[in-house]
Amino acid sequence: MEEPTDAAVIAASLADPASFAPIFDRHAATVLRFLVRRVGPDAADGLVGETFRIAFERRGSYDLDRPCARPWLYGIATNVLARHRRAEGRRLAALDRLAGRATAGAPSEADGPAEAAVARADARDLWPRVAATIAGLPAGERDALLLYAWEDLGYDDIAQALGIPVGTVRSRLNRARTRLRAAREPGAPGGEQPSTPTEDRGRIGL
Amino acid sequence: MSDDLDPLRRVRPDRLQPDDPPDPVVLAEQRERLMSAIDQNVNPDTGRRFPSIYPRIAYRDEMAAVEFLTRVFGFREWRESRMENETGTLAWLEVGDGVVMIGRAGPDHHDLSSPDDIGGANTCMVNVYVDDVDTHHARAVAEGARIVMDLEDMFWGDRRYEALDLEGHRWHFGERLSHVRERLGLDDA
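Sequences listed follow chains A and B, in order.
Under the working numbering, the residue at position 128 of the first sequence is numbered 128, and the numbers go up by one with no gaps.
Under the working numbering, the residue at position 142 of the second sequence is numbered 1142, and the numbers go up by one with no gaps.
If you are wondering where the hints come from, they were derived from the structure by calculation, not from laboratory data.
Note that the Cβ used here is the ideal one computed from N, Cα and C, for glycine as well.
Zero decoy hints are in this set.
Quick list of the computed label-pair ranges, beta carbon to beta carbon:
1. A:Ile54 to B:Ala1064: 24 to 32 Å
2. A:Arg170 to B:Pro1055: 40 to 48 Å
3. B:Gly1106 to A:Ala15: 30 to 38 Å
Not close to chain B: a few residues of chain A, all C-beta gaps over 10 Å, as computed:
4. Glu3
5. Thr5
6. Ala7
7. Ala12
8. Tyr155
Start from the sequences and build out the full structure, keeping to the hints where you can.
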């Protein structure tokens, strides 16, 4: 037998609240991963519960024409994140330091899988500026950008999650990309890490 | 998908530090809390049960209201439940087994008004039973509440007074006279 859609589960939970559980079971791991990426594991643990509690309370306003609840949940989680901008800033700073350690060359680096090595190389070159640029984006642009690039949501899903028209998603992404490109130009402003011109040339050479 | 955002994709935090899988213990715990909240209508942050009716009261300055209501009327805030964002703060204050929700007034906030916005008018009054209305009254007077009905024993069996808070919401504080007599050791008299 086919599994009922999220919409069907939510519709049933209006009369029978306890039947809401599959919504958590299907999507909580995804939502938790999203929250961890944005604010780190310590803050994310509680926020995943808060996200689903709010989802439960608002289930009456769920658009039952949408079979999959994931974009809706991403939207609620994004709203929850709005109250934790400081934690998000700390997370970006922590990753900045992580990228810095990769530059210093940990002993285990050579043993890591190739993909991780590539990631570290990218991080070494790009992360400080990218992190500063992400941190400096208007919240609406950052939310759209990271839903697109980190969560692999399409324009329609982002529009639904953020409650904005698709055209607005498109323009927010365009603006964010322009800023990211500008930040990656050699000698671009916005890199928070102080560095001498010589070091800069060395980084770009990699 | 491959485009100019690839570098951003590759620095996704869990790719940079891939020993970060979602924790099944966390998920199990959060599921448990959610389901128990759904079953019992309990606030999972505090483990406390919400009363079936609890009013939301609107203020122009909701944080000043929280400060006033806790200092002057002795309400206790569920500090762990406080929700703050750019458009205002929501707070929950308890007295005995009752709860009020404190939020900002305005068209974007459920269209609720503060009396200060509408010429001091009130459209409701919240009645609160307290353990010792004499002490409660003395504290409210000392802390600067505007008393609009003096402390008095009423025919229906309460000792009560009424006061306005900082933005003019009207509060009624009472104690059963039988409880007053018991408290003062007058039960046998």
